[in-house]
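*Asks:* Chains as they are written, first to last, in the UniProt record's numbering: chain A, 1 to 159; chain B, 1 to 159; chain C, 1 to 159; chain D, 1 to 159; chain E, 1 to 159; chain F, 1 to 159; chain G, 1 to 159; chain H, 1 to 159.
Distance condition first, Cα-Cα at most 27 Å in a straight line; then the derived BS3-like pairs of lysine-lysine:
no.	chain 1	residue 1	chain 2	residue 2
1	A	K63	H	K5
2	G	K104	F	K78
3	D	K62	D	K148
4	E	K12	F	K62
5	H	K149	G	K63
6	D	K148	D	K45
7	F	K149	F	K12
8	H	K44	G	K63
9	G	K104	E	K78
10	B	K104	C	K78
11	D	K62	A	K5
12	E	K63	F	K5
13	C	K12	C	K148
14	D	K149	D	K45
15	G	K104	B	K104
16	A	K78	C	K104
17	B	K44	A	K148
18	B	K63	A	K44
19	F	K44	F	K149
20	B	K62	A	K148
21	F	K45	F	K30
22	C	K148	C	K44
23	D	K104	E	K104
24	G	K12	H	K62
25	D	K12	D	K148
26	F	K44	E	K62
27	H	K78	A	K78
28	E	K148	E	K44
29	C	K63	C	K148
30	F	K148	E	K63
31	C	K148	C	K62
Far from chain G by the CB rule (all over 10 Å, computed), these chain A residues:
no.	residue
32	P24
33	A29
34	G131
35	H153
No lab work stands behind these hints, which were simulated from the structure alone.
This one's a predicted model, so the numbers in the text were calculated from it and none came from an experiment.
Positions of the beta carbon are idealized from the N, C-alpha and C atoms, including for glycine.
There are 8 protein chains.
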Amino acid sequence: MPKFKLDDVDHKILDLLIDNTRIPFTDIAKKLEISAGTVHVRVKKMEEAGIITGSSLQVDYKKLGYSFIAYVGVFIFKTSQTQFVLERISEIPFVTVAHVTTGKFNIFCKIRARDTAHAKDVIYQIDDIEGVSRTETMISMEESINDKKRLLHSIFNEI
Amino acid sequence: MPKFKLDDVDHKILDLLIDNTRIPFTDIAKKLEISAGTVHVRVKKMEEAGIITGSSLQVDYKKLGYSFIAYVGVFIFKTSQTQFVLERISEIPFVTVAHVTTGKFNIFCKIRARDTAHAKDVIYQIDDIEGVSRTETMISMEESINDKKRLLHSIFNEI
Amino acid sequence: MPKFKLDDVDHKILDLLIDNTRIPFTDIAKKLEISAGTVHVRVKKMEEAGIITGSSLQVDYKKLGYSFIAYVGVFIFKTSQTQFVLERISEIPFVTVAHVTTGKFNIFCKIRARDTAHAKDVIYQIDDIEGVSRTETMISMEESINDKKRLLHSIFNEI
Amino acid sequence: MPKFKLDDVDHKILDLLIDNTRIPFTDIAKKLEISAGTVHVRVKKMEEAGIITGSSLQVDYKKLGYSFIAYVGVFIFKTSQTQFVLERISEIPFVTVAHVTTGKFNIFCKIRARDTAHAKDVIYQIDDIEGVSRTETMISMEESINDKKRLLHSIFNEI
Amino acid sequence: MPKFKLDDVDHKILDLLIDNTRIPFTDIAKKLEISAGTVHVRVKKMEEAGIITGSSLQVDYKKLGYSFIAYVGVFIFKTSQTQFVLERISEIPFVTVAHVTTGKFNIFCKIRARDTAHAKDVIYQIDDIEGVSRTETMISMEESINDKKRLLHSIFNEI
Amino acid sequence: MPKFKLDDVDHKILDLLIDNTRIPFTDIAKKLEISAGTVHVRVKKMEEAGIITGSSLQVDYKKLGYSFIAYVGVFIFKTSQTQFVLERISEIPFVTVAHVTTGKFNIFCKIRARDTAHAKDVIYQIDDIEGVSRTETMISMEESINDKKRLLHSIFNEI
Amino acid sequence: MPKFKLDDVDHKILDLLIDNTRIPFTDIAKKLEISAGTVHVRVKKMEEAGIITGSSLQVDYKKLGYSFIAYVGVFIFKTSQTQFVLERISEIPFVTVAHVTTGKFNIFCKIRARDTAHAKDVIYQIDDIEGVSRTETMISMEESINDKKRLLHSIFNEI
Amino acid sequence: MPKFKLDDVDHKILDLLIDNTRIPFTDIAKKLEISAGTVHVRVKKMEEAGIITGSSLQVDYKKLGYSFIAYVGVFIFKTSQTQFVLERISEIPFVTVAHVTTGKFNIFCKIRARDTAHAKDVIYQIDDIEGVSRTETMISMEESINDKKRLLHSIFNEI
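Using the sequences plus the hints, can you model the full thing?
*Replies:* So this is what it looks like as structure tokens:
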């Protein structure tokens, strides 16, 4: 549960940063009619409090030739190997997300690949990790929503 | 498949931006021993080519009280309703990702919520969309990897 | 999350009550070398704080002719009917536990019955509730553990 | 099948005990207009016949910080290990119920935990028992019914 | 639970009848060194007690051109229709066994047919019964055991 | 495919035998207005042709205390062990039917047992056969149809 | 079961045709040291007997931009609609094979498409056929074997 | 994606070849009012470009006694064995198609056999390949569509 309190100014700064992380602090200051120094102090405070942990570049994966997305469920022989397997998985750059789950699968991953043949290679790399017994793959036909901005606006409006 | 060619300078700029979207162009220029103007021109060109589409803020969801992650598989009565259902789903800010799939589920979503009770509410909102027949949920015990930087470095090294 | 603090005396009282809810307060007092009044005050405080909500009789179901246990997963047509269906289920005394789940089933119940034929009747009563589309049953061959005392000792030792 | 006969007085005593195991025998005597000695004799008789085996404290698990409930299906390598695995499971206090089943799972457990992370730890403890090959978990979103009083009234009314 | 007692003579008579229902009573009498009248009385008694309900002819289905065996799981829209559906199923002579189940299926049948095409017709007849929503079929590759004599000997030896 | 031809007389004899295997040949002769010798010759011919292979006693399993029926799907480590496992299974008298299947299961059995506890023992005997990796059980709530007479009449009418 | 007999000459002709349907009859004649007229007569006879029903062109689907293969399981509301649905499916040229099945699916199809997006369109066309309730898709990562020549050689060698 | 361009003449030639691979070039020439030499050149060009890879004989499998079709899903112990297993599978002539898949199965095959018993033998041959852990079979009741001509016409019309 969050331990800090964000005031209205923090909130407005975050609202602007969520939509464009590269917006200059002077622009934020002008829009909010506060000083650029204040913006700087507030952002720094939120970084130190661990609210803001960084920023990431958004790209068009289709334009880059990476239009194939699949979810891979991983079965492990013994759960004590989970950490070891996750470390091996994290060495495969085409795995962008991995969760520990306790339902049908032990680990559940999202992969991005160039095409069917490339996806097969990536899945085989996962399959060949020591400790992995089997994988099951579900292929995405279309990524219709990939947007955490709505969530972030919702979180910061609510706090 | 990508239609443009990125040269070595573009590549080095991207390498720096991937790790920190907020890095000033003057810092990039200094590091790469080129002019800030060149950096500006190259980034603009990559934005216009649609390689770079934006940037997003990275936050610590646990610190913000949103530690509950689940994947929700959605069954729809008729696939002709898929687009309609996706639009209703996109109005729920707690759904951050949604895919059209053609395997067991019609739509596959990722949700972030505060806790079990909140997740139940979000899932019920999806269940109650007109056209949705049933949902099945898989709960994440731990998000171990959520990092597209490795993928982006890999893509830009390869091009 | 618990908002009150239980001290060592509370803890020792609970330890004794967990094993035997009918133990007289004077016996507790003697064992802990405190006054019976103190025991009374402490138990009342824990009841008011909502830690202790009651007590239940433990019986031998086999001796009573109720040796058949099954778990019944219930599928509902629309999740908005969940509350209505739960109310109907709660009118069937042979259902002792029911959970709202969001995985494969909408509701997951535990039933106790006299034998196969009786279990069939109970399951048919659930099946016939308006809003229920289907049920799936898993039959217990033996209830090997049914004991919350170990959990309660563990919780109170930990707090 | 029950071998003893409970008369109307036994029945009325049980009715009162089911609702409150801590009710003093003198209160029962007063309500039923019989002597406290009779109450004592009857309860003793039912304890000796094995109808009443004890009593258990009811607590509010949410208030105690234990709001996470899951059902865990356990697969065992060879069924001859079932008894051994059950003994190891019974050493984990967070497992409150365990059944031998012969359907999809070999053993089916109910666990109570503090939160997702704690549940993961408990499930891993089960997974790491020698002889266990895999587990599958279903998470409860809400425990809507947990009440054996209706069943007990029904049983004692029927006998 | 059986309410009658079979003595040693009954047992020996049953042993002979299980292996050959057409054995003449005089042969039984000779083998057991008792009178034919006694055999007659005992068999009559076991028929009246409902132990023996009849006899059935054993044939070689392969020789008769009926070598295709399948098990068909039937899903019904509402369990209240179970009795109605069973009556319709009992009008299809190729269904030789049908059970009410409460797991995945509502009704579980065994069918014997001439070949794949005939089996398809039989399954379609079941599918087309009012109230049936779907069926799932498992095909037998070989009937390796079909013998209740071992069970009957075992039962009568045990009683 | 059947290689012999049954004429109308054979057919009428079979019709009578299907309903009662113990009917004396003289009764058949009288009903069909043929000689007892003819009945004898025809039955012998059908036995030699392998149409009739024997007869079996029909009993009321419930009255005999065997009211529990289950279907057990058996998974084997390697299919080359199928014959070996079937031989072990055939030593368990409570297994009355067993099929080789190639779908989900390797072998599919029907068992009859006294009650839940007895069924558990039988299933464990199957589980403990060398070569068996796992079993899955489906329990019958009621055997509604168990009648091959309709099939036999249908076959003999058709030939 | 085959009703005609192929002699050694037929067999050798088929062996040559299986490998190359376009081989001129004069080449076959030369290789087998028989007259071209004989070849003509024999092929005609096998066409009239319905052994040979035609020939099909083999192409490299990858080169033609059709590298995406999927298997689609189709669930139908009522099996009586199967024929109607099959006719609608046969109007979609991208479905190259369709089977009536009676297991999990009612109809099972093979489709060839250009890519993920095209496959989605084809699957949606199937989904939108009146009478289809749902589909489930399995995607091929690589078609490793697609060769009926080995089977045909085997059949003709055996006859 | 296709790298060559087919003109209208190529297209018309293909249209004729798809329907009958054995059509003489002179017939094609006459129908299209071009010279036989042109037909020859164009077909050769398409063969060299790898569009046309050969032709195959179409037969009536039912007439040949091969009416049993099944799809077999193969599970492999480690995906690194996939290539080895595929080579063993390709030695079984009754397997006409095999795909590498990454969903539930590792390899997915189509088999044609004479009957149930023969299919069992073929499946056992697959089961017994080193590296194969299990197989699951789905049996076709009727092959309703097996026609790539519609696809080929569609492809060539579209290019």
